[in-house]
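Undergrad: If you want the building blocks of each chain, they are given just below.
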Amino acid sequence: MQRSIDLAEVVKLNHGYARSIDEDALEIWPGFFAEDCLYRITTADNYARGYEAGLMYADTRAMLEDRVKSLRIANVYERHRYRHILGMPAVSEASGADICSETSFVVIRIMRDGTLTVFATGKYVDRMRHDESGRLVFSERIVVCDNSNVDALLAIPL
Amino acid sequence: MQRSIDLAEVVKLNHGYARSIDEDALEIWPGFFAEDCLYRITTADNYARGYEAGLMYADTRAMLEDRVKSLRIANVYERHRYRHILGMPAVSEASGADICSETSFVVIRIMRDGTLTVFATGKYVDRMRHDESGRLVFSERIVVCDNSNVDALLAIPL
Amino acid sequence: MQRSIDLAEVVKLNHGYARSIDEDALEIWPGFFAEDCLYRITTADNYARGYEAGLMYADTRAMLEDRVKSLRIANVYERHRYRHILGMPAVSEASGADICSETSFVVIRIMRDGTLTVFATGKYVDRMRHDESGRLVFSERIVVCDNSNVDALLAIPL
Numbered sequence: 001m002q003r004s005i006d007l008a009e010v011v012k013l014n015h016g017y018a019r020s021i022d023e024d025a026l027e028i029w030p031g032f033f034a035e036d037c038l039y040r041i042t043t044a045d046n047y048a049r050g051y052e053a054g055l056m057y058a059d060t061r062a063m064l065e066d067r068v069k070s071l072r073i074a075n076v077y078e079r080h081r082y083r084h085i086l087g088m089p090a091v092s093e094a095s096g097a098d099i100c101s102e103t104s105f106v107v108i109r110i111m112r113d114g115t116l117t118v119f120a121t122g123k124y125v126d127r128m129r130h131d132e133s134g135r136l137v138f139s140e141r142i143v144v145c146d147n148s149n150v151d152a153l154l155a156i157p158l
Numbered sequence: 159m160q161r162s163i164d165l166a167e168v169v170k171l172n173h174g175y176a177r178s179i180d181e182d183a184l185e186i187w188p189g190f191f192a193e194d195c196l197y198r199i200t201t202a203d204n205y206a207r208g209y210e211a212g213l214m215y216a217d218t219r220a221m222l223e224d225r226v227k228s229l230r231i232a233n234v235y236e237r238h239r240y241r242h243i244l245g246m247p248a249v250s251e252a253s254g255a256d257i258c259s260e261t262s263f264v265v266i267r268i269m270r271d272g273t274l275t276v277f278a279t280g281k282y283v284d285r286m287r288h289d290e291s292g293r294l295v296f297s298e299r300i301v302v303c304d305n306s307n308v309d310a311l312l313a314i315p316l
Numbered sequence: 317m318q319r320s321i322d323l324a325e326v327v328k329l330n331h332g333y334a335r336s337i338d339e340d341a342l343e344i345w346p347g348f349f350a351e352d353c354l355y356r357i358t359t360a361d362n363y364a365r366g367y368e369a370g371l372m373y374a375d376t377r378a379m380l381e382d383r384v385k386s387l388r389i390a391n392v393y394e395r396h397r398y399r400h401i402l403g404m405p406a407v408s409e410a411s412g413a414d415i416c417s418e419t420s421f422v423v424i425r426i427m428r429d430g431t432l433t434v435f436a437t438g439k440y441v442d443r444m445r446h447d448e449s450g451r452l453v454f455s456e457r458i459v460v461c462d463n464s465n466v467d468a469l470l471a472i473p474l
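Residue numbers (the numbering used here), protein chains in the order written: chain C, 1 to 158; chain D, 159 to 316; chain A, 317 to 474.
These aren't lab readings, by the way, just hints derived from the structure by calculation. Be aware that one or more of the hints could be misleading.
Covered, in the sense of this in silico footprint (three residues per stretch, anywhere, with C-beta under 8 Å from a C-beta of chain A), are these stretches of chain D [unchecked claim]:
id: 1; stretch: 212-223
id: 2; stretch: 265-271
Think about it this way: if two alpha-carbon atoms lie no more than 20 Å apart in a straight line, the pair counts; the simulated SDA-like pairs of lysine to any residue are [unchecked claim]:
id: 3; chain 1: A; residue 1: LYS328; chain 2: C; residue 2: ASP131
id: 4; chain 1: C; residue 1: LYS69; chain 2: C; residue 2: LEU55
id: 5; chain 1: D; residue 1: LYS170; chain 2: D; residue 2: SER297
id: 6; chain 1: A; residue 1: LYS328; chain 2: A; residue 2: ALA390
id: 7; chain 1: A; residue 1: LYS328; chain 2: A; residue 2: ARG451
id: 8; chain 1: A; residue 1: LYS328; chain 2: D; residue 2: LEU165
id: 9; chain 1: D; residue 1: LYS170; chain 2: A; residue 2: CYS416
id: 10; chain 1: C; residue 1: LYS12; chain 2: D; residue 2: LEU244
id: 11; chain 1: A; residue 1: LYS328; chain 2: C; residue 2: LEU86
id: 12; chain 1: C; residue 1: LYS12; chain 2: C; residue 2: ASP131
id: 13; chain 1: A; residue 1: LYS328; chain 2: A; residue 2: GLY347
id: 14; chain 1: C; residue 1: LYS12; chain 2: A; residue 2: LEU323
id: 15; chain 1: D; residue 1: LYS170; chain 2: D; residue 2: GLU181
id: 16; chain 1: D; residue 1: LYS170; chain 2: A; residue 2: ARG451
id: 17; chain 1: C; residue 1: LYS12; chain 2: A; residue 2: HIS331
Covered stretches of chain C (in silico footprint by chain D; criterion: 3 or more residues with CB under 8 Å from a CB of chain D, positions within the stretch not fixed) [to be verified]:
id: 18; stretch: 17-26
id: 19; stretch: 80-91
id: 20; stretch: 101-110
id: 21; stretch: 115-128
Because the structure is a prediction, the values reported are computed rather than measured. Here a beta-carbon is modelled for each residue, glycine too, at the ideal position from N, C-alpha and C.
Work out the full structure, taking the sequences as your base and the hints as a guide.
TA: What follows is the structure in structure tokens.
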């Protein structure tokens with residue numbers, strides 16, 4: 001396995017994912033996951049304690065697609081913008097065909113009046129694989145939020 | 159064309175540009191552009207609607223140099239510092255000798271009393287080419303701000 | 317010297333360093349430095365004026381280890397989390413076996429109630445070398461903070 005190639009691919013996947021949210025192209029967001037996947041948003045405290053419960057949970061790509069449809073119906077009035085800034089992925093030892101990495105994130109929320117607030121920080125704990133077409137996708141993405149008060153505000157994916 | 163080389167060059171150009179602002183070395187800032195260039199600051203809303211109007215506009219490097227001179231004269235009292243944090247450029251298909259990319263940014267403003275505020279977020283939509291000396295420069299940089307209230311505060315380039 | 321290899325190594329060192337703080341693994345933090353090192357936190361104003369004084373100072377790895385022990389004893393009650401987001405290192409010409417670079421940083425602080433604030437911004441001015449085992453370590457890291465009011469709040473390393 002060539003590590004340097006992995007890193008470039010992981011960086012590209014991470015940034016494509018973030019851009020789909022920041023550009024409000026949520027319909028392509030589920031396409032960054034494998035069909036059979038795990039997507040979970042949790043807090044650093046819960047993650048450290050090994051709690052399974054989270055702020056959002058999905059274990060198929062179809063559930064993520066449903067989530068996007070719900071958002072499109074529900075959030076007609078409250079349309080915020082978001083801007084992700086990502087750290088460099090720390091790619092760890094891969095087991096079998098899977099690649100594991102952790103990536104820090106900061107998400108800024110842009111309110112309707114232009115106010116900018118730091119909405120969430122944390123790390124993505126990811127497991128990735130190549131799908132049938134050779135494209136790298138998330139088989140698992142756990143969004144570990146540093147702040148525990150993010151749930152009340154959570155409308156879009158992180 | 160070798161994509162990996164492009165990316166490293168684009169990253170270097172982006173960071174050199176940001177550093178010239180953050181380090182208050184504005185005199186070298188116009189040098190990141192081609193002589194015949196387009197530099198424009200606009201909002202996400204206006205950009206999405208295709209409006210040409212923007213918060214700042216220049217179509218030659220000489221105009222950018224004038225801008226810096228004006229800033230040096232005008233802004234004796236209000237000297238803020240800025241800190242850019244950039245995402246990884248998404249280099250898209252290049253047409254001819256030009257390279258196109260988009261890069262997320264967050265700019266933090268440091269007030270005189272030390273207060274830190276998120277000043278602007280958005281993306282750079284860029285077109286780049288190699289100048290006669292082989293150095294990569296911006297032929298076009300459109301600064302698309304997520305927040306629409308940035309104009310009142312705008313003193314320095316973004 | 318192969319520049320591209322340097323950059324990847326420098327990126328890895330920077331992110332490992334930041335992660336040790338963000339993940340509260342401070343015990344491994346001194347290990348990113350050479351035994352005989354310089355670690356200093358200062359402000360942009362003092363750095364520009366060439367002042368030696370700083371907010372924190374250590375010139376051996378043992379001093380950094382002591383610092384961590386003190387933190388573990390003192391900061392039982394006020395345990396904040398931090399999240400670093402780093403720019404890409406600007407690696408400059410190396411002299412001899414040393415590598416020099418500058419890297420922008422933003423540190424977000426996560427308060428107990430979940431509030432997120434921009435705690436510090438600035439740049440790392442670094443000098444690095446390979447230790448006996450071939451691992452890249454900091455022989456010098458000067459943390460130049462944009463904001464001058466960071467001292468009152470300083471509990472952890474930056």
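Undergrad: Next step is simple, just say for each hint if it's right about the structure.
TA: Okay, the hints, checked on the actual structure:
| no. | hint | in the structure |
| --- | --- | --- |
| 1 | 212-223 | violated (count 0) |
| 2 | 265-271 | holds (count 3) |
| 3 | A:LYS328 with C:ASP131 | 28 Å, violated |
| 4 | C:LYS69 with C:LEU55 | 18 Å, holds |
| 5 | D:LYS170 with D:SER297 | 16 Å, holds |
| 6 | A:LYS328 with A:ALA390 | 30 Å, violated |
| 7 | A:LYS328 with A:ARG451 | 11 Å, holds |
| 8 | A:LYS328 with D:LEU165 | 18 Å, holds |
| 9 | D:LYS170 with A:CYS416 | 16 Å, holds |
| 10 | C:LYS12 with D:LEU244 | 15 Å, holds |
| 11 | A:LYS328 with C:LEU86 | 15 Å, holds |
| 12 | C:LYS12 with C:ASP131 | 15 Å, holds |
| 13 | A:LYS328 with A:GLY347 | 14 Å, holds |
| 14 | C:LYS12 with A:LEU323 | 18 Å, holds |
| 15 | D:LYS170 with D:GLU181 | 16 Å, holds |
| 16 | D:LYS170 with A:ARG451 | 25 Å, violated |
| 17 | C:LYS12 with A:HIS331 | 18 Å, holds |
| 18 | 17-26 | holds (count 3) |
| 19 | 80-91 | holds (count 5) |
| 20 | 101-110 | holds (count 3) |
| 21 | 115-128 | holds (count 4) |
In the structure shown, a violation is registered for the earlier hints numbered 1, 3, 6, 16, in ascending order.
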